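Now for the letters of each chain:
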Amino acid sequence: MTPLLQVESLSKFYGNHLGCGDVNFTLWPGEVMGIVGESGSGKSTLLNCLAGHMAPDTGRVIFDTRTDGPRDTVTMTEPERRWLARTDWAFVHQNPRDGLRMNVSAGGNVGDRLMAVGARHYGDIRRQAQDWLGRVEIDQARIDDRPRAFSGGMQQRLQIARNLVTGPRLVFMDEPTGGLDVSVQARLLDLLRGLVRRLGLSAVIVTHDLAVVRLLADRLMVMKDGRVVEQGLTDQVLDDPQDAYTQLLVSSVLQV
Amino acid sequence: MIEISGVAKRFVLHNQGGVVLPVMEGAALSVQAGECVALVGASGAGKSTLMRMIWGNYRCDEGSIRVAGVELRDAEPRAVIALRRSKLGYVSQFLRVIPRVPTLDVVAEPLLAQGMDEAQAQARARAMLARLNIPERLWSLSPTTFSGGEQQRVNIARGFIQDWPVMLLDEPTASLDAGNRAVVLDLIREAKARGAAILGIFHDAEARAAVCDREVDVTGFTPARNAA
Numbered sequence: 003m004t005p006l007l008q009v010e011s012l013s014k015f016y017g018n019h020l021g022c023g024d025v026n027f028t029l030w031p032g033e034v035m036g037i038v039g040e041s042g043s044g045k046s047t048l049l050n051c052l053a054g055h056m057a058p059d060t061g062r063v064i065f066d067t068r069t070d071g072p073r074d075t076v077t078m079t080e081p082e083r084r085w086l087a088r089t090d091w092a093f094v095h096q097n098p099r100d101g102l103r104m105n106v107s108a109g110g111n112v113g114d115r116l117m118a119v120g121a122r123h124y125g126d127i128r129r130q131a132q133d134w135l136g137r138v139e140i141d142q143a144r145i146d147d148r149p150r151a152f153s154g155g156m157q158q159r160l161q162i163a164r165n166l167v168t169g170p171r172l173v174f175m176d177e178p179t180g181g182l183d184v185s186v187q188a189r190l191l192d193l194l195r196g197l198v199r200r201l202g203l204s205a206v207i208v209t210h211d212l213a214v215v216r217l218l219a220d221r222l223m224v225m226k227d228g229r230v231v232e233q234g235l236t237d238q239v240l241d242d243p244q245d246a247y248t249q250l251l252v253s254s255v256l257q258v
Numbered sequence: 002m003i004e005i006s007g008v009a010k011r012f013v014l015h016n017q018g019g020v021v022l023p024v025m026e027g028a029a030l031s032v033q034a035g036e037c038v039a040l041v042g043a044s045g046a047g048k049s050t051l052m053r054m055i056w057g058n059y060r061c062d063e064g065s066i067r068v069a070g071v072e073l074r075d076a077e078p079r080a081v082i083a084l085r086r087s088k089l090g091y092v093s094q095f096l097r098v099i100p101r102v103p104t105l106d107v108v109a110e111p112l113l114a115q116g117m118d119e120a121q122a123q124a125r126a127r128a129m130l131a132r133l134n135i136p137e138r139l140w141s142l143s144p145t146t147f148s149g150g151e152q153q154r155v156n157i158a159r160g161f162i163q164d165w166p167v168m169l170l171d172e173p174t175a176s177l178d179a180g181n182r183a184v185v186l187d188l189i190r191e192a193k194a195r196g197a198a199i200l201g202i203f204h205d206a207e208a209r210a211a212v213c214d215r216e217v218d219v220t221g222f223t224p225a226r227n228a229a
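Here the protein sequences line up with chains A and B, keeping their order.
Okay, so the first sequence: first residue is 3 according to the working numbering, each after it adds one.
Okay, so the second sequence: first residue is 2 according to the working numbering, each after it adds one.
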């Protein structure tokens with residue numbers, strides 16, 4: 003099997019300040035990896051470098067493309083990277099407003115992604131949009147409503163539908179359950195877990211919530227001050243943390 | 002199916018002055034297919050630690066732990082994930098689930114993860130829940146609100162839904178009434194009969210006598226206290 007994503011010595015600086023440094027990992031098809039760390043630890047910088055939103059200063063990000071096999075996404079052309087972002091990748095933002103077009107209907111938000119990869123038949127697009135609204139548990143009667151009329155949890159589910167409709171193989175998520183009520187979070191977690199399993203997706207999830215990674219991620223990376231301090235199997239990192247910072251992080255969680 | 006030799010484990014508490022706690026040394030045991038072995042020893046002697054090292058959520062510092070031919074010491078996450086998906090089952094004492102997910106889906110999940118279709122997986126989950134006397138009206142509810150005994154039975158249903166070649170059981174009969182205890186002991190006998198290798202912790206001496214072929218006392222693996 004070929005790894006889906008191989009990251010080698012990736013570093014990003016903001017001036018003299020280290021964003022993230024010397025990150026290495028290999029993600030295999032079907033794996034979900036969590037990245038945890040406190041604010042400013044570099045986890046979002048890393049995610050943005052992986053997803054092509056930001057150019058790293060050093061290192062390689064090798065993605066196994068459908069057509070040409072493993073390619074370094076850092077050195078490919080901007081149009082090539084954009085095409086990957088529309089077809090093979092998906093990016094779920096913490097704030098659904100950053101990932102949705104707020105003035106376009108729910109159906110239009112989903113259909114938009116399909117049209118970006120060449121779909122032109124109105125009936126097909128609408129049918130697929132309807133199917134996806136159903137999968138993310140949004141009432142199909144609301145297909146023509148705009149997302150601003152939706153609750154936060156519904157907006158987040160719509161953003162997920164918009165992202166997954168084109169059948170990506172790798173999903174980047176930045177705090178996907180942040181800002182949601184806990185009851186809404188639980189439903190979203192269940193939905194995400196079901197979709198990841200059914201579609202065989204791989205995902206990289208950035209969060210500061212250890213409960214979320216325990217439920218969603220197979221493996222875990224812990225970051226502090228731009229460095230990876232520990233990585234491994236999720237329950238091993240959480241139950242038997244080796245690094246001083248990870249031990250502090252795990253022992254700081256409030257028990258309910 | 003389980004081969005352990007020369008296993009040592011210590012905890013280093015970085016945030017408590019770097020205290021080093023050696024908790025195990027020289028652990029060795031083996032469990033063959035079709036055999037059920039009980040771990041015994043006083044509370045704190047390391048039974049659960051050893052179980053967790055075999056499950057892979059505790060790291061093995063020294064020695065070797067092989068499960069169904071896979072070496073767990075320094076194993077890549079994906080090797081452990083693959084092992085847990087198809088070969089190694091674990092019935093823990095506590096159920097950890099996403100809130101609001103129905104019991105039926107919680108039990109069917111290991112089968113779905115293996116790629117079985119939903120209808121078939123749910124049919125098997127229904128049969129297993131019925132066998133463990135979980136009333137049908139509870140199947141569509143989340144187990145988070147269930148009583149301790151009901152949660153334990155959901156956990157057992159989830160653990161035994163798949164024919165794992167290797168199983169770890171942590172107090173499978175704790176908090177069960179006599180009728181359900183008998184069902185669980187039957188499930189263990191059936192698993193042995195189809196060739197599963199089982200390692201378990203049973204505080205219930207009668208249950209242990211009923212299904213276990215031999216005992217391994219972990220007290221022999223506990224480092225001398227004065228060394229700590």
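The set of hints was computed from the structure by calculation and includes no laboratory data.
Since the model is a prediction, treat every value here as computed from it, not as a measurement.
By construction, the Cβ of each residue, glycine as well, lies at the ideal position given by its N, Cα and C atoms.
The reader is advised that the hints may include incorrect statements.
[Stated by the list, open to error] Partial list, computed: chain A residues near chain B (C-beta under 8 Å):
id: 1; residue: Trp30
id: 2; residue: Asn50
id: 3; residue: Arg99
id: 4; residue: Arg150
id: 5; residue: Gly234
Structure-based check of each hint:
Below 8 Å, beta-carbon pairs count as interface contacts, and A:Trp30 has one with chain B at about 5 Å; its hint therefore holds. With its C-beta approaching chain B no nearer than about 24 Å, A:Asn50 sits outside the 8 Å limit, and its interface hint is violated. This hint is violated: A:Arg99 has a C-beta 26 Å from the nearest C-beta of chain B, more than the 8 Å allowed. Annotation: interface hint on A:Arg150 violated; nearest CB of chain B at approximately 27 Å, more than 8 Å.
Taking 8 Å as the C-beta contact cut-off toward chain B, the hint placing A:Gly234 at the interface holds, the least distance being around 6 Å.
Violation of the numbered hints given earlier is confined to hints 2, 3, 4; the remaining hints are satisfied by the structure.
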